[in-house]
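So the chains spell out like this:
4 protein chains.
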Amino acid sequence: MIRVGVIGYGYWGPSLVRNFAELSGCRVVMTSDLQPERLALVQSRYPRIEVTRDSTELIDSPEIDAVAISTPVSSHYDLALRALRAGKHVLVEKPLTNTSEQALRLIEEAERRKLVLMVDHTFVYTGAVRKILELTESAGLGDLYYYDSVRINLGLFQYDVDVIYDLAVHDFAIMDYILPCKPVAISATGISHVHGGKENIAYITAFFEHALIAHVHVNWLSPVKVRQTLIGGSRRMIVYDDVQPSEKVKVYEKGIDLSSSTESAYQMLVSYRSGDMWAPKLEMTEALHVELSHFIDCIEKSQTPITDGHAGYRVVKVLEAATESVKGRGRLIELAGANARA
Amino acid sequence: MIRVGVIGYGYWGPSLVRNFAELSGCRVVMTSDLQPERLALVQSRYPRIEVTRDSTELIDSPEIDAVAISTPVSSHYDLALRALRAGKHVLVEKPLTNTSEQALRLIEEAERRKLVLMVDHTFVYTGAVRKILELTESAGLGDLYYYDSVRINLGLFQYDVDVIYDLAVHDFAIMDYILPCKPVAISATGISHVHGGKENIAYITAFFEHALIAHVHVNWLSPVKVRQTLIGGSRRMIVYDDVQPSEKVKVYEKGIDLSSSTESAYQMLVSYRSGDMWAPKLEMTEALHVELSHFIDCIEKSQTPITDGHAGYRVVKVLEAATESVKGRGRLIELAGANARA
Amino acid sequence: MIRVGVIGYGYWGPSLVRNFAELSGCRVVMTSDLQPERLALVQSRYPRIEVTRDSTELIDSPEIDAVAISTPVSSHYDLALRALRAGKHVLVEKPLTNTSEQALRLIEEAERRKLVLMVDHTFVYTGAVRKILELTESAGLGDLYYYDSVRINLGLFQYDVDVIYDLAVHDFAIMDYILPCKPVAISATGISHVHGGKENIAYITAFFEHALIAHVHVNWLSPVKVRQTLIGGSRRMIVYDDVQPSEKVKVYEKGIDLSSSTESAYQMLVSYRSGDMWAPKLEMTEALHVELSHFIDCIEKSQTPITDGHAGYRVVKVLEAATESVKGRGRLIELAGANARA
Amino acid sequence: MIRVGVIGYGYWGPSLVRNFAELSGCRVVMTSDLQPERLALVQSRYPRIEVTRDSTELIDSPEIDAVAISTPVSSHYDLALRALRAGKHVLVEKPLTNTSEQALRLIEEAERRKLVLMVDHTFVYTGAVRKILELTESAGLGDLYYYDSVRINLGLFQYDVDVIYDLAVHDFAIMDYILPCKPVAISATGISHVHGGKENIAYITAFFEHALIAHVHVNWLSPVKVRQTLIGGSRRMIVYDDVQPSEKVKVYEKGIDLSSSTESAYQMLVSYRSGDMWAPKLEMTEALHVELSHFIDCIEKSQTPITDGHAGYRVVKVLEAATESVKGRGRLIELAGANARA
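Chains as they are written, first to last, in the working numbering: chain F, 3 to 344; chain D, 3 to 344; chain Z, 3 to 344; chain C, 3 to 344.
FYI, nobody ran anything at the bench for these hints, they're computed from the structure. There may be inaccurate statements among the hints.
Where chains are identical, the list cannot tell them apart; a pair therefore holds if satisfied intra-copy or between any two copies.
Below 30 angstroms or equal to it, Euclidean Cα-Cα: the simulated DSBU-like pairs (lysine-lysine) are [claimed, not checked]:
#1 Lys252 / Lys200
#2 Lys283 / Lys116
#3 Lys227 / Lys184
#4 Lys227 / Lys252
#5 Lys200 / Lys303
What you are looking at is a predicted structure, and each value in this text was computed from that prediction instead of being measured.
Take these sequences, add in the hints, and give me the full structure.
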C-alpha cells in the first residue's frame, strides 16, 4: 500500500486526489495547499485525508512514500527536488520544470536515490494516443511524412507560463511517445496581446532528421475549441479529433505513390490512393486512472515509467527552444544536444 | 461590347469562358490552347468561338480588346507582357507572376499604356470575403489580433509551383483585401516529400507593424479537406469555413478585456466575454461572375480594379519571401520594400 | 431551511442529493435505498446524511418537510401518495406516474393538503428550453407550424417502462412548457425487438387544433446519439441540438410566405425567405440546480411550480395515449378529456 | 446505337439529356417541351438535337427507339402509354405514375409488347445505396431491425404532388431495392400548411411481416437540409448521410445481444456491443450515368431493368397507401395485395 501526498489542490489536484482515492494499491494520506478554502474542500470531501498549508510538513512526513505535485510550473523544481531528497517517489504535473537544466538535476537526483520520477504527460495514457502508437509501431502508416496539431480555444491567460508551456507541452509529450525519432531543430513564431505578457498565440515547427516535419498551433484567443491532429504517412493517414465525443481517431486509406517516370529523369509521377476510412474502438478508461496506476506499479516493481524524467526533460528542451525561437521571430534553434543526451 | 480572348482551356479556362459567355457586356471571340483536344471541346460547346493553338494569333488579333490568361504560372509574365504591348487589357490567373520583379514590369507596362491589368484573386469576389471586409471596415471586430488560415487537402502535386504558390496565394490575396495593413516580415517552414520536388507542406507566419499576426498552413497531403480561417479581434471573432454548404461565416461575440490591476503594477486582469453567435446571410452570386463583370466594368469606365497589378505584386512579394524563408528553415525575410512601394 | 429526504440513490438520486446539498435554503437529512451498497456510498460522500433501507421511515420522519422520489416509475404513485398523506411536499422524477388516473389522485391529494407537488421535468429548466420559450412567447417565430424531435441512442433497455415513457417523456414535457396549446389526438407506431418486451422504437405524432403538428422519434437501438428538435414557425425556425457542446439553439430567418395568386383561384404562390442564422447565448446554470431551487422556493412561498402535478398529468396522458396507439398500429387516440380537465 | 427522345426539359430533363449525350451506345435525337425558351436552351447547348413542342411528334417519330419522360407526375401515365403503344422503350421519372392501377396497365402494355419499361429510381444507382445492398445481402448486418430515414429541407412546394410523392418516393425506392421483404401495412400522418394544398410534412411508418419497422420523415419546411438514413441490424448498423461530401456510409460494429436469463423466465438479459466504425470507399460514378447505361443495356440485350415497372408499381402502391393513411390520421392501410401481386 503506497501512501501518497498531494501538493496543490487547485485546478488539477482534485482529479489527482480523486483518482488516487479510487486506486486499490495506494491511499492519499495528506494534501497541502496555500489556500485554506481549498483545504476545507478536501476535508468536506475526504474526511480522512490530513490537510496542511505547509508543503514541507507533507514532504517530510514519514507516513508518505510518494508525492504528487500539481502547483504552478515555477515551483515544480524546488518541490520535486526537496521531495526526492526526502526519499519520496515523485510525480510532477506537466511540464516537468521551467528549464531543461532543472529537469536534468531532478533526473540525476532520482537516479542516484533509485526513486521513481515521473511526469504527468496525461495524453500519453489516453486510449486514443495508445491506439495511435499501436498503429505507428505496426508500420500501419508507412513512412511518417508529417505531424500537425491545432490546440486552440478561448483559454485562461496564465501569468507564469506562455501558451507554449501551457498547451504545446501536450503535443510534444504525445510526439515524444509516438514518433520513432526526436526533433533536431525548432523554428517558432508567436505573439502576446497583453502588454508585457507571455505569448498567447504560437506556431512551432519541429524538424527531424528524415523527411518528417511537425507543427503545433496553440492559441488562447480562439472563439472555437479545436483539438485536431493530423498524422500523415506513406500508407495511411490519421485524423485525431479530441473534441469529438466518439470516433476520436480516424484512419484513412489515403495517400500518394511516387515513382520515377521512365521517359524523363526530371519527371516524377504522383498517383493518388483513396480507400476506406476506419475508426477503431478506443479504450475508454480515464487516462489519469491508467497513469496513476502505472505510477504506483513502477514504485512497487522498481520500474521506469513510460513518462519518466527523461521524457519530461526532452519535452522541456523543445519548449525552451520554441520560446527562444519565438523571441528571434522564427530563428532556427538546434536541438542536437537534447537528443544525444536522451 | 468588349471582345475577349482566353488563353488556356485547361482547369480554370472553361470557367472563364463560361462566365464571360454569360455576361452581357462582352463576348468571347477566340480561345487558344496548346492541346487540340481542348480546342475541340471549346468548339463542341461554343460553335461560334474561334480557336487556335497559337497564342500569338490571339494576342495580335485586332478583333480582341481584352485577354484573359489561364496558363501555367511560368508563362504568365511573357503572355501578359505581349498582350499589354499589343494594347490589350489583361486579366491573369493567380498568382500574377513568378517573381515580384516581373509583376512590377507588368504594372509599369499597363500604366504607361493606360490599360487595365487585373489579377484573378477569385476569393476576393466571394460573398463570404466581401461580408468579412464589411465587418472589418465597420470596426465590428475591434482591433485585429490575428488571422489564421488552414487550406489543406489531398491535392494535385504540381511541378511548376510549390504549395505556397498554389494554395497560400489565396490566403494572402484575401488578407491583402481585408486587412487594414500589410505584412512587414515573413518566417516560413515547409517540406517536400518528392525528391527534388517543390514543397508540398508549408507553414507561413506574416508579421505586421502592430500587434497583429497572420499564419497560413497549406498542405497537398492531407486526408481531409479543410478551408478554415479564424480572424480574431478585440470585440468579435470570425470563423470562416469554406467547406460548409451554408453558414460559411460565423461571427462570435467573444473575446477578452484587458485591464491593469490597481493592486499591483505587475498584475494584469483578463476577463472573458462570451455572447451570441451570428451567421450573416451571404451573397450567393458566383465569385467569378462578379469578378469578370468588374473586369469588363473597369475596362469600359477606365477604372482601377480591386485586384489590380499592385495587389498581384504585393501577393507575389509575400510568396517569394515565404519560399525564400522556407529554404532558410524559418529565417526572417523583411518585406519593407514591398510596402514602401505599394 | 427546508429539510429534504431523497428516496432512491440509483441513477438520478446522486444528482438530486448533490444539487440539494449545494442549495442554501435546504438540507438533505435522510436518503433511502433498497441496496445497502448504495447507502454506503451516500455515507462515504455525505457523512452527515442519515440513511435507511426503509422508505417508510423516511416518509414518516418528523424531521423531514419535503420528499424527492427517484425510484422506478411503477413505485412513484405509492411513494408519492404516502408522502403527501404524511404531509410532505413532493418532487417526483419523470414521468409523474404510470397512469393518468394515478396522476389525478396525486393532484387531488396535494391540493386538499395544500402541499407542493412537482414533477422533475428537467429539460424545462435548461437554458436552452427557457430561451426557446422566450422566442416562442415573444412571437419571434410567428405562427407555429411544427415541432419535430429525434431522441435516439444505443440506450439501456428498461424493463418497467418502454422507450416512450423513458425518452419521449422529455419531449412532451418540453412541448407542454413551450407550446401555446395542448395536443388533441395521438397516432403512434413502434416495435419491440425483445420477445415479450416493451417497445424499444417508437414514432409518435401529436395533432393540435390549429395547423400545428408534432412528432417524436425515440429509439434505444441507434448507433449514434441524436438529440435534435426542429421548431418551424411562419417567421423563424429553430434547430435545438442538445448534443452540441455550444450553440445548442440556432434561430434561422427562414420560411415561406403564402399569398393567393390573383390570376387564378387555384394557384397559390409560395415565396421563400432566407436570412441570417443566430445562436443566442444560453444560461449555463445546471438545470437541476435551477429546478430544485424553484422547488424550495415554491414550498417557502406556497406557490405553484412550473412543472406541477397538472403538467405531470398532461404528459402522462399523452404517454398513455401513445402506448395505446402503438398497440393499435397507429390508431388515433383522442385526448379531448385531458385538455378539458387540465 | 439506340436513338433516344426526351420529353420534358425542365428540372431533371437537362440531366437526362447531358447523361445520354455522354453515353456511347445511344444518342439523343429529339427533345420536346411545352415552353419555347426551354427548347431554345436545348438548341444552344446541343445544336444537333431536334426540338419540338409536340410530344406526339416525338413519340411517333420512326427515328426514335426509346423515350425518356421527365414531366409532371400527372402526365406520366398518358405519355408512357402512348410511347409504349408506339413501340418505344420507356424510362419514366419517379414516381412511375399517380396511381398503382396506372402502373399495372403500363406493366401489362410493356410486357405484351416486349418493351423495356423502367422507372428512374435514381438513388438505387448511387455508389452509396449499392454498397448498402452489398452489406445487407452478405448478411453483414444480421437480422434487420429497422430502417429510418429523414429527408427534409426548405424545398419547393409543389402543386401536382404532395411531399410524399416528391420526397418519400426516394426512400421507398431504396427500401424496395435493399430490403429482403416488402411492407405489409402503412400508417402515416401529415399536415398541409397551404390552405387546400397538398401535405408538406409527412411521417410514414411501414410494417413488415417480421420484426422490422421502417419510418420516413419528409418535410418541405425545414430550415436545414437533412438526408440521413439509419439501418439497424442485429450485427451491425449503418448511418447513411447523403449531405456529407465524403464518408456517406458509416458501418458501426454496435448492437445488442439478447439472451434469456436462466434465473427467471421473465427476465431478459440485454448486453451491448460497441466496436469499430468503418466507412467503405464508394463508387463515385454519377448515378444517372450508371442508370442510363443500364437502360440502354437492357434495351440492347432484352433484359429486365433493376428498377422495372414492378418496382415502380410497388413504390406507387406504398405512396398511395401513405396518402390514404394521412387522410385517416394514421389509419392502418394493409398492403397485402401489392406483395401478392408483385
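Please flag the earlier hints that this structure goes against, numbers listed from lowest up. 2, 5
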